[in-house]
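Participant: Spelled out from the first residue to the last, the chains are:
Protein chains: 2
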Amino acid sequence: MKLATKPNILILGAGYGGMVTATKITKELGHNQANITLVSKHDYHYQTTWLHEPAAGTMHHDRTRMQISDVVDINKVNFIQDEVVNIHREENKVSLKNTGEVEFDYLVTALGAVPETFGVGGVFEHSFNKWTVNGARQLKEHTEYMFAKYNNEPEPREEYLTFVVAGAGFTGMEFIGELSERMPKLCKEYDIPLNKVKMYVIEAAPTALPGFDPELVEYAMNLLENRGVEFKINTPISEVTADGVTLKDGEEIKSSTVIWATGVRGNPVIEKAGFENMRGRVKVEKDLRAPGHDNIFIIGDCSLMINEETERPYPPTAQIAMQQAETVAKNLHALIKGESLHEFKPDIKGTVASLGGKEAIGVVGNKKLFGTSANFMKKMIDNRYLWILGGTGLVLKKGKNPF
Amino acid sequence: MKLATKPNILILGAGYGGMVTATKITKELGHNQANITLVSKHDYHYQTTWLHEPAAGTMHHDRTRMQISDVVDINKVNFIQDEVVNIHREENKVSLKNTGEVEFDYLVTALGAVPETFGVGGVFEHSFNKWTVNGARQLKEHTEYMFAKYNNEPEPREEYLTFVVAGAGFTGMEFIGELSERMPKLCKEYDIPLNKVKMYVIEAAPTALPGFDPELVEYAMNLLENRGVEFKINTPISEVTADGVTLKDGEEIKSSTVIWATGVRGNPVIEKAGFENMRGRVKVEKDLRAPGHDNIFIIGDCSLMINEETERPYPPTAQIAMQQAETVAKNLHALIKGESLHEFKPDIKGTVASLGGKEAIGVVGNKKLFGTSANFMKKMIDNRYLWILGGTGLVLKKGKNPF
Numbered sequence: 025m026k027l028a029t030k031p032n033i034l035i036l037g038a039g040y041g042g043m044v045t046a047t048k049i050t051k052e053l054g055h056n057q058a059n060i061t062l063v064s065k066h067d068y069h070y071q072t073t074w075l076h077e078p079a080a081g082t083m084h085h086d087r088t089r090m091q092i093s094d095v096v097d098i099n100k101v102n103f104i105q106d107e108v109v110n111i112h113r114e115e116n117k118v119s120l121k122n123t124g125e126v127e128f129d130y131l132v133t134a135l136g137a138v139p140e141t142f143g144v145g146g147v148f149e150h151s152f153n154k155w156t157v158n159g160a161r162q163l164k165e166h167t168e169y170m171f172a173k174y175n176n177e178p179e180p181r182e183e184y185l186t187f188v189v190a191g192a193g194f195t196g197m198e199f200i201g202e203l204s205e206r207m208p209k210l211c212k213e214y215d216i217p218l219n220k221v222k223m224y225v226i227e228a229a230p231t232a233l234p235g236f237d238p239e240l241v242e243y244a245m246n247l248l249e250n251r252g253v254e255f256k257i258n259t260p261i262s263e264v265t266a267d268g269v270t271l272k273d274g275e276e277i278k279s280s281t282v283i284w285a286t287g288v289r290g291n292p293v294i295e296k297a298g299f300e301n302m303r304g305r306v307k308v309e310k311d312l313r314a315p316g317h318d319n320i321f322i323i324g325d326c327s328l329m330i331n332e333e334t335e336r337p338y339p340p341t342a343q344i345a346m347q348q349a350e351t352v353a354k355n356l357h358a359l360i361k362g363e364s365l366h367e368f369k370p371d372i373k374g375t376v377a378s379l380g381g382k383e384a385i386g387v388v389g390n391k392k393l394f395g396t397s398a399n400f401m402k403k404m405i406d407n408r409y410l411w412i413l414g415g416t417g418l419v420l421k422k423g424k425n426p427f
Numbered sequence: 025m026k027l028a029t030k031p032n033i034l035i036l037g038a039g040y041g042g043m044v045t046a047t048k049i050t051k052e053l054g055h056n057q058a059n060i061t062l063v064s065k066h067d068y069h070y071q072t073t074w075l076h077e078p079a080a081g082t083m084h085h086d087r088t089r090m091q092i093s094d095v096v097d098i099n100k101v102n103f104i105q106d107e108v109v110n111i112h113r114e115e116n117k118v119s120l121k122n123t124g125e126v127e128f129d130y131l132v133t134a135l136g137a138v139p140e141t142f143g144v145g146g147v148f149e150h151s152f153n154k155w156t157v158n159g160a161r162q163l164k165e166h167t168e169y170m171f172a173k174y175n176n177e178p179e180p181r182e183e184y185l186t187f188v189v190a191g192a193g194f195t196g197m198e199f200i201g202e203l204s205e206r207m208p209k210l211c212k213e214y215d216i217p218l219n220k221v222k223m224y225v226i227e228a229a230p231t232a233l234p235g236f237d238p239e240l241v242e243y244a245m246n247l248l249e250n251r252g253v254e255f256k257i258n259t260p261i262s263e264v265t266a267d268g269v270t271l272k273d274g275e276e277i278k279s280s281t282v283i284w285a286t287g288v289r290g291n292p293v294i295e296k297a298g299f300e301n302m303r304g305r306v307k308v309e310k311d312l313r314a315p316g317h318d319n320i321f322i323i324g325d326c327s328l329m330i331n332e333e334t335e336r337p338y339p340p341t342a343q344i345a346m347q348q349a350e351t352v353a354k355n356l357h358a359l360i361k362g363e364s365l366h367e368f369k370p371d372i373k374g375t376v377a378s379l380g381g382k383e384a385i386g387v388v389g390n391k392k393l394f395g396t397s398a399n400f401m402k403k404m405i406d407n408r409y410l411w412i413l414g415g416t417g418l419v420l421k422k423g424k425n426p427f
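Order-wise, the sequence lines are chains G and F.
Add 24 to the 1-based position in the first sequence for the numbering used here, that's all there is to it.
Add 24 to the 1-based position in the second sequence for the numbering used here, that's all there is to it.
Since the hints were derived computationally from the structure, they do not count as laboratory data.
Take these hints with a grain of salt, some might be off.
Claimed, not checked - Computed cross-link-like contacts, DSS-like style, restricted to lysine-lysine with a CA-CA straight-line distance of at most 30 angstroms:
no., chain 1, residue 1, chain 2, residue 2
1, F, K121, G, K173
2, G, K220, F, K154
3, G, K154, F, K222
What the hints assert, rightly or not - What the simulated footprint calls covered on chain G by chain F, stretch by stretch (three residues with Cβ under 8 angstroms from a Cβ of chain F suffice, anywhere in the stretch; the number is not a length):
no., stretch
4, 161-169
5, 173-183
Each residue gets a CB set at the ideal place from its N, CA and C atoms; glycine is no exception.
So here's chain G without its partners, still in its complex pose (with noise of 0.2 angstroms):
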């Protein structure tokens, strides 16, 4: 039988860089060119950037993620849900939690990251880490009890009413912006006046947003402290207790809500596999392999590539996550075939960040975006990503609507 010597194409992970892996390779391989399997922990994809509006309430999480086997022909994968414990990068083999181990061919890792501390104690035990379907829903929920607690005590807990973010990054002013604009609207609801509320955000780098361009930080910073929140930048933290923050300057701030965004590391598992890597990223080659490895991929936020004009690290995004994706289905099907490889090439499009309501910021191609055109640009970098994924319906399905 020809079938069993099909090569085994195992993808690790169903975030935006293994979903788009295992949407495209059905596309360039034939039923009988390779079995694929793809394995994520959810039997759901969820779209990481979007997060920041569920955890603040602004959109339910369930328009934040879909079915797996809504989008990835399920003739044409096996799907396996289940958490990947360790590689065996010489064995060729995957340990899962529950399945046990799985064999590959060929591996494409789209593991994702996991928040980086950079030493600060108390994280994970005190403050809200987790963007995910299921973080997002807590903190949200928490932020609501917060509310619903604060005018059934004998006295005012201000804490209650006191939300820190640590990380004035992509991922903390996203959700600051979300959850700024929604607080007029949460303190009607729970009896609260909207004087009580304080919301901070605290950044250690000298300024929010490191690497956007400064009349785009002004602009953003300008429009939050309208809507109440209070900058410290340059204001390392030096520690997240029960209580709150302790900052290196000494200053406590007490909150029953700190959210932690200031940064990724890469899945441990990386490190665990035992792959040279920088904070869980592995330094792939030009054309997405780990070093020596010919048949290991590595893509998403796991991988590290250097931006020879900057010659610093390109960041973690969706966007390069997904072009890797696409490279990466193109080259496992060049493997097979016996071709020579692509090299990846990012091409960076452009980046947005929203804002809350109708705001956000962004630079596409040389341009600046304010206000409702950079909203709108924001939107319409969502639905692309849908369109990548699921073509039209998906769009029509799970989109937003820029208008």
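Given chain G, work out where chain F should sit, using these hints.
Facilitator: Positioned in the frame of chain G, the structure of chain F alone reads:
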């Protein structure tokens, strides 16, 4: 000036008794006959008997309340938002928390009830026991937070999904009716299998809904059991702890959500003021005045009246509070005019308990009602109250559609 000699009528509390007194008295008396003052902790009135719905999350809490100024004629009634600290019976004045002292010529005490613990420890520390808008909202948000947390824990925490209702009286049964009806939707919303949820109703007495027709009680229990509720009847609780409840028979049930619904006692101000009382309730005269006081009426949950047929006290219900209020309004008028006072005679029209969705049980006249017909009657009773308070307009604005 004649104005200075107008008597001061002071109404304490804006529950069923206080609100009906205030609306009726403004119709009984002309502008020049009395100064009328209403004191309440909140600027809104809420329908206590509806609160199991927002507490379980099946109705928005705003539907169970109304601005006092929308219902009471504020041209005729002076409204003070404050908390009653004490009643100085012999000096004809009342102490308020922020306003200080307020004098009266006639007092209507309609301060409602607080939870009765029957000596069980830990109730106030570890259970949800406030049947108020704030308390209901907190219970709802807490429940949702437990569901949101569950999927974020490394190990299953069954106590998050275990709900213990202490007391199978009216409040407990109506609450579990709503919660059990909502449970499948809650589980879907938070990605939790329904079979992980446990719901208990624990009752010290030998039956659920003591005093209700046994056939109706059986109907209610069967219905709730089919929705997954487990009853423990004839089972006193010995303690509520941070971990759940301990029963008299030694069994411990781990639960993050204990709802206390074993009954009520009169407002503690009654005891503080030195009225002779039983569990905060004053055995009032037939004209609803406190014994020994010609100018103090006590109605609602702070009053005690013996049903001569059964030789037992009437239960503290909205129905009786409202009927008492109508009599008090007439008697205030009679006192001012120097006429003789009316005796109060309760007219129990029926009792209906809702059980969630379209389910209910009840007795109206001599007729037992089940299911949709009882549910219809329950909604008509709720609407009738709104009609008494604010006429057709209020029914249309806040009423329940029985169809």
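Participant: Decide if the proposed pair is consistent with the structure: K220(G) and K154(F), CA atoms, cutoff 30 angstroms inclusive.
Facilitator: 24 angstroms, holds
Participant: Under the criterion that the straight-line Cα-Cα distance not exceed 30 angstroms, is the pair K121(F), K173(G) satisfied?
Facilitator: Given pair K121(F), K173(G) holds - Cα atoms ~22 angstroms apart, limit 30 angstroms.
Participant: If you draw a straight line from the CA of K154(G) to the CA of K222(F), is it 30 angstroms or shorter?
Facilitator: 27 angstroms, holds
Participant: Are there three or more residues in the stretch 161-169 of chain G whose C-beta lies within less than 8 angstroms of some C-beta in chain F?
Facilitator: Per the Cβ count (7), the hint holds.
Participant: With a Cβ-Cβ cutoff of 8 angstroms, does the stretch 173-183 of chain G contain at least three residues near chain F?
Facilitator: holds (count 3)
When each numbered hint is compared with the structure, no violation occurs for any of them.
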